[in-house]
Amino acid sequence: MRVLLIEDDVEAAAFIVKGLTEAGHNVNHLTDGRDGMTEAVHEVYDIAIVDRMLPGVDGLSIVRALRASGNHLPILLLTSLGGVNDRVCGLDAGSDDYLVKPFAFTELLARVNALLRRPQLKGEDTRLRVGDLELDLVAHKAMRSGRPIDLQPREYRLLEVLMRNKGRVMTRTMLLERVWNLNFDPKTSVVETHISRLRSKIDPPQDKPLIHTIRGSGYSLHDDT
Amino acid sequence: MTTPELFKRTAIRLSMTLASLFTLLLLGLYFGLTIYLGAQLESQIGARMRETRDALVIIDRTKGYDELASTVLDEVAALNTTGSILLLLDEGGSFVAGNVKDLAPATGTLKIDGASIRTAEGGKSLRGTYVAEWTRVSKGRLLVGIGDAEVRETLGTLRQATTWGTLLTLCIVLVASLIYARRAQRRIDALETTLTAVSQGNIDRRVPVAGYDDDIDHVAIMTNEALSHLQKLIGNVNQASSDIAHDLKKPIGRLQYQMETTLREAKDVGDYRIAIMDAQVRLAEITATFEALLRISQIEAGARKTGFQSLDLGEVMSQVADIYDVVIEDQGGRFTPATPLPHPALILGDRQLLLQLFSNLIENAIRHCPAGSSISLALEQSDGAFRVIVSDNGPGIPASERENVFKRMYRLEKSRTSEGSGLGLSLVAAIADLHGAKVTLDDANPGLRVTVTFANAHRGAA
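If you read the protein sequences in the order shown, they are chains A and B.
Residues 104 to 328 (our numbering) make up the first sequence, in order.
Residues 532 to 993 (our numbering) make up the second sequence, in order.
Extracted from the complex, chain A is given alone in its bound form (with noise of 0.2 Å):
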């Protein structure tokens, strides 16, 4: 995918085009706002990547251009203002999401994928499916192998957010904000222990694993091998 960064801290902007080159993204960075903009409006991009403090015009104007003039190009923003105010600002503007520095890369790694996929889905569709896993979003019932399985809200919830986002990693605090409408990060283990209970619900011994953990990054749903 063609990836536009557009950061001026150059250390931090080399971290991140050598981690998103080795997962095989097509990234061209650019330090400069104005640049960056020009180069947004101009060119296809896939997705941008844009830090919120930039030299010549800021990363929230640039978002604000681009939405004003139609733009729908996705837009992660990055920032180290992880204060109170700043993230809905950042959303307000009509950025996609928001990753506060510093982070892992596994954390943008994983947002840059749930943003960059495209929706399967024409229309309504009211069935989810991965494996012999399906959800019933109409009647909110899970299925496995034809067996109903009984779930809690939450866990159809946290169900769900995997399903749609099949086969991508969906890391701790991007299931607290999709799940629990959380911004902050709860110290304990909620996230794991509602993967774990989920797990023992639809992933028995006898059926193969479909949620799968990923070490140091977070969790993911799908049928491969």
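Calculated directly from the structure, the hints in this document are not laboratory data.
Check the hints yourself; a few may be wrong.
Stated by the list, open to error - With a Cα cut of at most 25 Å, we get these calculated DSS-like pairs of lysine-lysine:
id : chain 1 : residue 1 : chain 2 : residue 2
1  : A       : 244       : A       : 204
2  : B       : 655       : A       : 204
3  : B       : 642       : B       : 632
4  : A       : 204       : B       : 780
5  : B       : 632       : B       : 670
6  : B       : 655       : B       : 632
7  : A       : 290       : B       : 781
8  : A       : 290       : B       : 780
9  : B       : 642       : B       : 655
10 : A       : 204       : A       : 121
11 : A       : 290       : A       : 204
12 : A       : 244       : A       : 290
Given chain A, put chain B in place with the hints provided.
Positioned in the frame of chain A, the structure of chain B alone reads:
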């Protein structure tokens, strides 16, 4: 203070404006009065003149022309002032009796200027204006007139007196108002002096309050409150800086020693790998601590208050329960969620911050209670206030320590070995403060009970 500067002072300006206005009004009143009196004067003179004339005409009619002439003579002799003029002419227009001469008959009410009149004896002219009328009598014509000279003189004296009186009043009023104005001005100047001192860095200066309980006092009190708040904020910033310096340097220092040790002692790639992974964990902790300190400072500065919305505490409670029930049960503990109230518990607040607040309280309980402990939430309402209660049956906090736990990085001695940067409860205090809520710690016998009281129940659509 130079004169132009003096006039820029509000109090002085105000008092001089009022004094001048008062004086002008007074003068206006007096002059209006004298004009009115003047007009009254004229009609009264006219009335007196006609009275006199009518009396004389009656004499003419009842006793005859000669009697009239003789009365006029007597009158003239009796008159020792020239307040009245009398002139009797015969049919041919010749002088018969009177105290003036050379005046020709005319119709209507006349106003004759005294300067144009000649006295019968001596031919002197008179002062003032005479309101006079010619009347036909049996054998001639009679002129009766009354002059206003004397009364006008009296009026003139009155006007002079009132003018001087007014000027005197003006002076007194000016002086008095200047005195009062200076007093008020001094208080305003005190405000200015204090604020100047504060802007130069003396943050503990306060404005003197005179005790009159008037508007200047109120401004002074408000200013002092603002200054105290400012001082507190500056104190917080300083506190935050020293906390950061002290409390972040420790783990950073530890990291450094760890790196040095690794360089000295590591033998193979495996050792290095482990050391680096350890370092990553420590770095994450340092970052989290830093973020928390920053967040607390921002919250204390009130940064988030503009984002407040109406929300239901009951919903927040169930969101919190959603996160922790499974976690606590998995550790062998018991979790009791809050029973919802029959109606929404609406307050104005920030959802994420409140989630963080209760999250911290529960985590605190999880961290300090042994496995198998019981943790419960409750939501109560009384007197327009909502109370959220987080309680556990763990070791609790001794009464003597409860005040201290909210200070930034304070930790109870016995918990120094457990994880956590110790910022959890100070973040709780900061968020509660921002929401106007009070946090109290009590003994749960056994265990700890934390009560967060929201006094500002918000009436509005959920």
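For a C-alpha distance cap of 25 Å, please report whether residue 204 of chain A and residue 780 of chain B respect it. Roughly 20 Å separates the two Cα atoms, so the pair holds.
Hinted pair, alpha-carbon criterion (25 Å max): residue 244 of chain A, residue 204 of chain A. Please report holds or violated. Not satisfied, since the Cα-Cα distance of roughly 39 Å exceeds 25 Å.
For a C-alpha distance cap of 25 Å, please report whether residue 290 of chain A and residue 204 of chain A respect it. OK: residue 290 of chain A and residue 204 of chain A at ~19 Å, within 25 Å.
Take the C-alpha atoms of residue 642 of chain B and residue 632 of chain B, compute the straight-line distance between them, and say whether it is at most 25 Å. holds, 16 Å
Would the pair residue 632 of chain B and residue 670 of chain B pass a check requiring their Cα atoms to be no farther apart than 25 Å? holds, 18 Å
Hey, residue 290 of chain A versus residue 781 of chain B, does the alpha-carbon distance stay inside 25 Å? holds, 21 Å
Against the 25 Å threshold, does the CA-CA distance of residue 655 of chain B and residue 204 of chain A hold or violate the hint? Judged against 25 Å, a Cα distance of about 114 Å means the pair is violated.
Does the structure keep residue 290 of chain A and residue 780 of chain B at a Cα separation of 25 Å or less? OK: residue 290 of chain A and residue 780 of chain B at ~22 Å, within 25 Å.
CA of residue 655 of chain B to CA of residue 632 of chain B, is that 25 Å or under? holds, 10 Å
Has the given pair, residue 244 of chain A with residue 290 of chain A, been kept, meaning a C-alpha gap of at most 25 Å? The given pair, whose Cα atoms are some 31 Å apart, is violated under the 25 Å limit.
Between residue 642 of chain B and residue 655 of chain B, is the straight-line Cα distance small enough, at 25 Å or below? Roughly 18 Å separates the two Cα atoms, so the pair holds.
Does the alpha-carbon distance linking residue 204 of chain A and residue 121 of chain A stay inside the 25 Å limit? It holds: about 17 Å lies between the C-alpha atoms, which stays within 25 Å.
Of the numbered hints given earlier, the model fails hints 1, 2 and 12; all others are met.
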